[in-house]
Amino acid sequence: KNEVEQSPQNLTAQEGEFITINCSYSVGISALHWLQQHPGGGIVSLFMLSSGKKKHGRLIATINIQEKHSSLHITASHPRDSAVYICAVHFGNEKLTFGTGTRLTIIP
Amino acid sequence: EPEVTQTPSHQVTQMGQEVILRCVPISNHLYFYWYRQILGQKVEFLVSFYNNEISEKSEIFDDQFSVERPDGSNFTLKIRSTKLEDSAMYFCASSRGLGLAKNIQYFGAGTRLSVL
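Residue numbers (the working numbering), protein chains in the order written: chain A, 1 to 108; chain B, 1 to 116.
Hints in this document: simulated from the structure, not taken from any laboratory.
Hints are not guaranteed to be accurate.
From the derived model, a few chain B residues whose C-beta atoms are all more than 12 Å from chain A [what the hints assert, rightly or not]:
| no. | residue |
| --- | --- |
| 1 | Q17 |
| 2 | I20 |
| 3 | E44 |
| 4 | S58 |
Distance condition first, Cα-Cα at most 30 Å in a straight line; then the derived DSSO-like pairs of lysine-lysine [to be verified]:
| no. | chain 1 | residue 1 | chain 2 | residue 2 |
| --- | --- | --- | --- | --- |
| 5 | A | K68 | A | K53 |
| 6 | B | K83 | B | K57 |
| 7 | A | K54 | B | K42 |
| 8 | A | K55 | B | K83 |
| 9 | B | K83 | A | K1 |
| 10 | A | K68 | B | K57 |
The beta carbon of each residue, even a glycine, is placed where N, CA and C say it ideally should be.
All chains should be modelled from the sequences, with the hints used to inform the complete structure.
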């Protein structure tokens, strides 16, 4: 069965801390997305990657295809980073299969 | 920046009624999607649409659901006879195409459907 798992489910950290959110998947994929969902519910695409590493501002996403694992890192975390971060993958077709999300809370 | 727009933001309906959720994808995009998220659960794929036909659908997308692109700009999801369990946030998404650079999916803000 094609599955996506994320950890941790919830993460609370102090402002300025380095954050890591993990995603693992069951079988080979064609690409992986990291998405951000704000309290109002809207979803924003942060990264799409199939190999290596991508960086945008304070956000870094890495993927290890052999280990079927991806991480999302946030450097110098800020309260405005508080959101649910979702990993979603393409198991070889166009639809996305989603993880359960990681709820991140950054305390000032 | 181009965006996917969804209307209404919140729809309240009685069980058994028909609802139509509307989406305007980004104008040069070719692939369109509907996803749903029941409160407290993960986002689930419903259907993908390309070249005026359904390209893939999930087991959730039964005969009560239909999609349409009536006029070249709107992309609609219709639920014929709503059930309580259809209450969820429904997200529309679109992408330019398939393959790495093209398959970045852009999401609308969602329509919260409440079935009473």
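Evaluated hints:
1. Chain A leaves B/Q17 outside its interface by the beta-carbon criterion, the shortest separation being 23 Å against a cut-off of 12 Å.
2. For B/I20, the shortest C-beta to C-beta distance to chain A comes to about 20 Å, beyond the 12 Å cut-off, and the non-interface label holds.
3. Annotated as non-interface, B/E44 brings its C-beta within 12 Å of a C-beta of chain A; the closest such distance is 7 Å.
4. A cut-off of 12 Å between C-beta atoms contradicts the statement that B/S58 is not in contact with chain A; the least separation is 8 Å.
5. Among the hinted pairs, A/K68 with A/K53 is consistent with the structure: their alpha-carbon atoms are about 14 Å apart, no more than 30 Å.
6. In summary, the hint linking B/K83 to B/K57 is supported, as the alpha carbons are separated by about 19 Å, within the 30 Å threshold.
7. The straight-line distance between the Cα atoms of A/K54 and B/K42 is roughly 25 Å, inside the 30 Å bound, and the hint therefore holds.
8. Our distance criterion of 30 Å between C-alpha atoms is broken by A/K55 and B/K83, whose separation comes to about 43 Å.
9. As the CA atoms of B/K83 and A/K1 are separated by approximately 28 Å, the hinted pair is consistent with the 30 Å bound.
10. Of the pairs offered as hints, the one joining A/K68 and B/K57 holds, with about 25 Å between alpha carbons and a cut-off of 30 Å not exceeded.
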